[in-house]
Each structure stands twice: as C-alpha cells, then as structure tokens.
Amino acid sequence: MRYLPLILFSIFSIEIYAAPMSYKGSVTSMSDIGKRYTSLESSYAYDVKNSIGVKLFHMDNNSRIRDAFEINHIHRLYRKNAKQSQTNVWLFGGVGYMESSNEKLNGDNHFGTAYASPGIQWDYETKRVYALASHQLIRGESVNHDTTKLKAGFSFYETGFNETQPWFILEASNINGITPKVEITPTIRLINKALYLEAGVSNMGNPKVHLMYTF
Amino acid sequence: MKKLFLSLLLISSSLFASTQKIEVNGMVCAFCAQGIEKSLSKFETTKDVYVNLDEGFVILENKAEAVSEDKIRTIITDSGYDVTKISLINETADEVRKKYENK
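Going down the list, the protein sequences come from chains A and B.
Residue numbering for the first sequence follows this note's numbering, starting at 25 and increasing by one per position.
Residue numbering for the second sequence follows this note's numbering, starting at 231 and increasing by one per position.
What you were told as hints is all true, and nothing was included just to trick you.
No farther apart than 25 Å at their CA atoms in a straight line, the calculated lysine-lysine pairs in the DSS-like style are these:
| # | chain 1 | residue 1 | chain 2 | residue 2 |
| --- | --- | --- | --- | --- |
| 1 | B | K251 | A | K151 |
| 2 | A | K175 | A | K217 |
| 3 | B | K328 | A | K107 |
| 4 | A | K151 | B | K328 |
| 5 | A | K217 | B | K272 |
| 6 | B | K301 | A | K73 |
| 7 | B | K251 | A | K104 |
| 8 | A | K107 | B | K315 |
| 9 | B | K268 | A | K73 |
No wet-lab data here; the hints were simulated from the structure.
Work the whole structure out from these sequences, hints included.
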C-alpha cells in the first residue's frame, strides 16, 4: 500500500524516460520499487546537457531505515552518437536531508543529517546490447550509503519504432550499509515507445520493479 | 471558374508540400527517440513523421514548403542526437513507412 503513491505518480507523470534525462525542455521522472530501496525522482532538462531535479528515497535493511529528500543536478559530460550505438557519461550530484529510524545511534532512535551525493554513470547502447556502470557516494555525518551498480543485457530481437521490444538485463548492485552483499537481479525489460517496464527478483528474493510511462 | 480556381489551389499546395529525409546518428531506442517524433510533430507545418530505427532516419512530411535545415538540426540536437544528412525526397512519409515495414 505504501508503494501505491509511487506507482500512481509513475503512471501519471509526464514525459518519463529511461535515461537520466531527456531532451531540452522535457521532464524526466523515474521510480524504483524494491524491498530494500525505493525511490522517486523527477528532473527538468533546462538545456540539452543539464537538468535539475528532486528525489525522494527510502532504504530499509530491516534494522535500519533511511528516508531522504534531495535536490540534484545531472550533467551529460560526454555523448557519442554513432550510426548504430550511443555512449554516454553522466555526472550527477545532489544535496539533501536524511532521517534515520529503527537504529540506535549514540543512544537515539532517530537522527537526521544533511548529505551530499555525487556520482558518475557510463552507459552504452545499441539496438541489441546494453551496458551501464555507475557509482554514487551518499555521505553525511555517520552516513555512508555509497551505491554501485552494473547492468548488462541484450534484446531478444530488434523491433520497429512502434513495436514492443523485450530485453534481458542482469543487474549487480550494492548499497553500502543496506544490502549485505552484492545483489544480483535478472530482469525482463519491455519497451514500447511510451511504456518502459523492468521487473525481476534478486538472488536475495527481493522483487524489483522499474516503471516509466510517457504521456 | 470556381472549380478551376479550387483545382489550381489543390495542385499548387501539393507542389509546395515537401518531404524531408533526415539521417540521424544515435537513435538506438524507441523510448528515447520518441522525443524526436514529438518535437517534429509540434511544427504547425508537419503533416506526418516516420522514425526508422533500423536504418537510422526520420521522415518529415510537411503540409507546405520544407522546414529549414537549421531548424531541423536544432530540434534533433536538442533531442540529443546528431544529424548527418538532410535531403528532399519524392515520397510521402506513409509511402516510406509502407516500403520499410512491408519488408
């Protein structure tokens, strides 16, 4: 039930894309829904290489819960458009405020801290192959939730612009202090122009859903 | 006389209608490339847009004269892609669509 607002927001948000940001003047929104990590973010591309946005996320490793809000900026540092591929390098970062509960720190059940979250992402894509590597620091007082993610996959077949394209994507991720070890998630990705859906279950038994829709 | 005038009007509008083929690098994903389709569809002069990911081109069929190449390049660049060539073709967007989708 607590994920319902996030799902509804994903459905009714406008101009939602898979990439960290889309074309100039667009609004990009993404949401991740999982047992340990749930996020909702939205950003506005004020020019072709830069966007500014807001992000909410929730982390839970059963004994520690973190809820955070941040304002962030995404910059496309590099893009190479070839006839059959695209390569990108993104820099992103934000500042925010995080609250923690269910964890005793210095004898307190609750604490809050400001944090910074600089990160970098590389991705490469053709019509049949996809790869991504990203690392983000999430640092504040007594907080270190550095996040590393690797994704790679392939499309079962090429499709036309208006057809549904299925992909198999394998994701390996780790959130320091939240996931006990590297979490591996095989996912099926379906893209049909305006609809982008990714779903899978990790090796830790955690379901993950990534849903985007463009109006 | 009225019929003649209307006929001449129809003929002249079709003479000025034009279709441009825009070759684009980087279009590897429908979800991302739909920004191009949306942006080009917003022109008042746009009659039809066809995106072909496989061949890497976009067809822009205009109701009237061709859109300036600078304007097209700006739209495509602002969408995050690179234009390699723009040319005028004699087919409509629908004719090109049927040709490639019936292969």
